[in-house]
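Student: Spelled out from the first residue to the last, the chains are:
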Amino acid sequence: MFVGESLERVDALEKVIGKGIFAGDLRMEGMAFGVIVRAERFHARIASIDASEAIATEGVVRVLTHKDIPGANGYGVLKKDQPYLAAGYIRFFGEPVAMVIAQNERIAREAALRMRVDYEDMEPLNDPFLAAASTVNIHKGGNLLCRKTVIKGDTKRAEGQSHVVIERTYSTRRVDHVFLECEAGLAFPDQSGRITVISSTQNIHYKQKEVSRLLSLPEERIRIIQAPTGGGFGGKLDVTVEGYAALAAYLTGRPVMVRYTREESMLSNTKRHPLYMNYRTGAAKDGRLTFLEAKITGDTGAYASYGEVVALRAAVHATGPYQVPNVHVESSMYFTNNPVCGAMRGFGIPQTAFAHESQMDLLAEALCIDPLEIRKINALRKGSETATGQVLNHSVGFYDALKCIEPAWKERKKTGNSGFGLGCMFYGIGNTGVPNPSACHLTLMPEGKIGFHLGACDIGQGSDTVLTQILLETLGLEKNCVLLVKGDSDTTRDAGSSSASRQTYITGKAVFEAGRKLRSYLEEKGIDKGRSLKDICSEASGEGGPIFDGFFDPPTTSLDPVTGQGIPYATYAFAAHMTEVEVDPATCVCRVKKVHAAHDVGRAINPDAVRGQIFGGVAMGIGFALMEEFIPSRSKSLYSYYIPTSMDMPAVETYLVEDQEPTGPYGAKGVGEPALIPQGASIMNAIRDATGIRGFELPCNFERLCLLAEKV
Amino acid sequence: MQKICFQLNGEKAEAEIEDYLTLLEVLRDRFSILSVKEGCGIGECGACTVLLNERPVYACLTLAVKADGCDVKTTEYLSKDGTLHPLQEAFVKSGAVQCGYCTPGMLMSAYALLQEEKTPTEEMIREGISGNLCRCTGYIQIMEAVKDASQI
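For the protein sequence lines, the chains are A and B, in the order given.
Start counting the first sequence at -13; every next residue gets the next number (the numbering used here).
Start counting the second sequence at 79; every next residue gets the next number (the numbering used here).
The following block holds chain A by itself, in its conformation from the complex:
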């Protein structure tokens, strides 16, 4: 009735009539504006900060430095190593040094320019290999953030038994999220001194904890509300403006808005990790993979953020969606004086997909096997074992996804300068080998509606709509019976972050559980025997209001610290993309003409929303492969950092495979990141088909492609 239907988004109407009020649109009586003063140094000591001129500016309320922070001056999802305001030491270009609070934005920005900061420059380490070899430590513990390994079988022995071994090194560059809405948030104290922050975010409960540490206030004294959020893609998982707005509101006792310009967003926001990936892959004569060795070196920038997660995910997914009996992966992350790299759609897997998919094509070429065929031969299927030793017993629709694109692959016709390429992926849904729960609850409201208390953040991907569909299906009630109470740490439970493609699967299952409890309550109360919901609700609110909880934590195990063996995810999404490109031989400009995208999503709760994710993923994959490269101190705004426009978009044919996941709500898994992951890889294989040139470095923009063409 609701699941499998392309229902309209619950928030589409307000957004098309111009009533989508985002955090930066909020206004409050007496609202001040905060601007962050940032270091324009890669690596330095702060010699002195002179705020006198800024403070003397008319309209300036206060200037803050790290000394004004009442609690802990450090945040981060795993390691609390990133200062809100630098305490004497600068580790990246753009690091916050001070904050100027003024009556309005114009004054705050002008006064921020009058801040005088003197530095003693130090030699910057702008490369992970330099950082690995250097005796200069960016952090006290050294420059190695982490090393993750996945070891299975005996790769050395398998190498001896291989018919062909391909070794290549691949690299990718930093990518910015470029969510259209820059970071913004408004914080204010209420009469009791409680601090509320309304911001553009992907996770309210995590930010509540961070702000509580920052202000040294108990968590219940902090309230975080998610404003409609103009895209996230991982970039609004870390604390962005919330800490600054909360600090300023706490110290000044008035509402304070912090809203970044695009330039500030690009300076401060985390980036996609550049990875350097050395791959050695062996195969037998019949095309079966025999072993894979990968050495992955990543640049996490100045602070840890999600670096450890990316290193681990890259290691666990290094084989791609294939059966490889012998695996040895070592994945290391180093600190450098580059921008902080964090979570970005795919957590390292778009990078590794570029490597393993190029390797698959190189093996196919060496063995004279069709590229689709070699993927079919090695495809993970029911009963297969992954590199971490996990046996996949259900919902493994990869082979079916390959079959979906097979007709198009077989009918492809190269003309002129066109070429065709394949890209495949698998992606573990949710966090890696750690508990990853979601909770939600339902209440009965006196006016006769069901209160749907949802802490999951809809950042544009459509979780509010999809989760509402799951609830309605479970309840068997009409659409208008449910009132969404969402995105507020006061009224909702922790549903985890909107990341790792996890909300439909994990929170969706929690919603399903809560819905089932409520359904049986309603049945007990006679909903099927003609009793109205309104009647049941008004009786229930008299009883003190029952609450119906939903909770789900996917069954996983922790990974062995040495071998990486274990069950990191309860379920995986699978995808295969086929891309047609055309490369102009004179200019080396590559145009993506057509994409066939097949995705095993378990169950498409809302097929149009799934397609929307795939289209958006294809666009981001085109940017990743062909144009996007964030260069510290040079990529300043959208005039020096390009993302795809409508002119860059190909026609996209989607194929939805629904190999249902038994632990998921109505069989659903996730699609947010999978949509992007295989796209870049398939473009690179298509460029090779079109030109005979294989690129090993992303983005493969026309400058790089021209250089490669000259060498041929």
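Just so you know, nobody snuck in bad clues.
Computed list of lysine-lysine pairs in BS3-like fashion (alpha-carbon distance at most 30 Å, straight line):
| no. | chain 1 | residue 1 | chain 2 | residue 2 |
| --- | --- | --- | --- | --- |
| 1 | A | Lys503 | A | Lys515 |
| 2 | B | Lys144 | A | Lys5 |
| 3 | A | Lys465 | A | Lys435 |
| 4 | B | Lys196 | A | Lys580 |
| 5 | B | Lys171 | A | Lys435 |
| 6 | A | Lys580 | B | Lys171 |
| 7 | A | Lys580 | B | Lys225 |
| 8 | A | Lys271 | A | Lys400 |
| 9 | A | Lys465 | B | Lys225 |
| 10 | A | Lys5 | B | Lys225 |
| 11 | A | Lys579 | B | Lys196 |
| 12 | A | Lys5 | B | Lys171 |
| 13 | A | Lys465 | A | Lys5 |
| 14 | A | Lys5 | B | Lys81 |
| 15 | B | Lys171 | A | Lys579 |
| 16 | A | Lys5 | B | Lys158 |
| 17 | B | Lys196 | A | Lys5 |
| 18 | A | Lys520 | A | Lys435 |
| 19 | A | Lys126 | A | Lys195 |
| 20 | A | Lys271 | A | Lys396 |
| 21 | A | Lys465 | B | Lys158 |
| 22 | B | Lys144 | A | Lys622 |
| 23 | A | Lys362 | A | Lys389 |
| 24 | A | Lys580 | A | Lys389 |
| 25 | A | Lys5 | B | Lys90 |
| 26 | A | Lys579 | B | Lys225 |
| 27 | A | Lys362 | A | Lys396 |
| 28 | A | Lys465 | B | Lys171 |
| 29 | A | Lys65 | A | Lys195 |
| 30 | A | Lys126 | A | Lys281 |
Hint data in this document are derived by calculation from the structure and do not stem from the laboratory.
Place chain B on chain A using the hints.
Tutor: Same frame as chain A, but now just chain B:
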């Protein structure tokens, strides 16, 4: 300071403004037209697109004094009479909205296109919205929505 008079979504509007203010700032701060979004402030993203005498302009690059004597339309205009414009309806139906931040600017570019050409080709639609960035949708469902609206 300068006084400007203009038509804002079909109604007379007046303001005393500093001559360095952009149309984006004046629409948002003086007239509370919050559908006009800032995405970059330098005329690259199109989130602030409004119509100035029926032609799409980036409000962040347009000085507000330029609007004096002109007709200015924003997304609010499209459903002014209380019913959705076919474009808005098509955006809702086609899944053209994800995060929604680019939506108002996108609608204005599409509206300007349809004012000029009642049945645009796919290529015209593609070009018509090419000055508006969207990071969520890959533009496909937006282009479908514009096409659907053009056939009504």
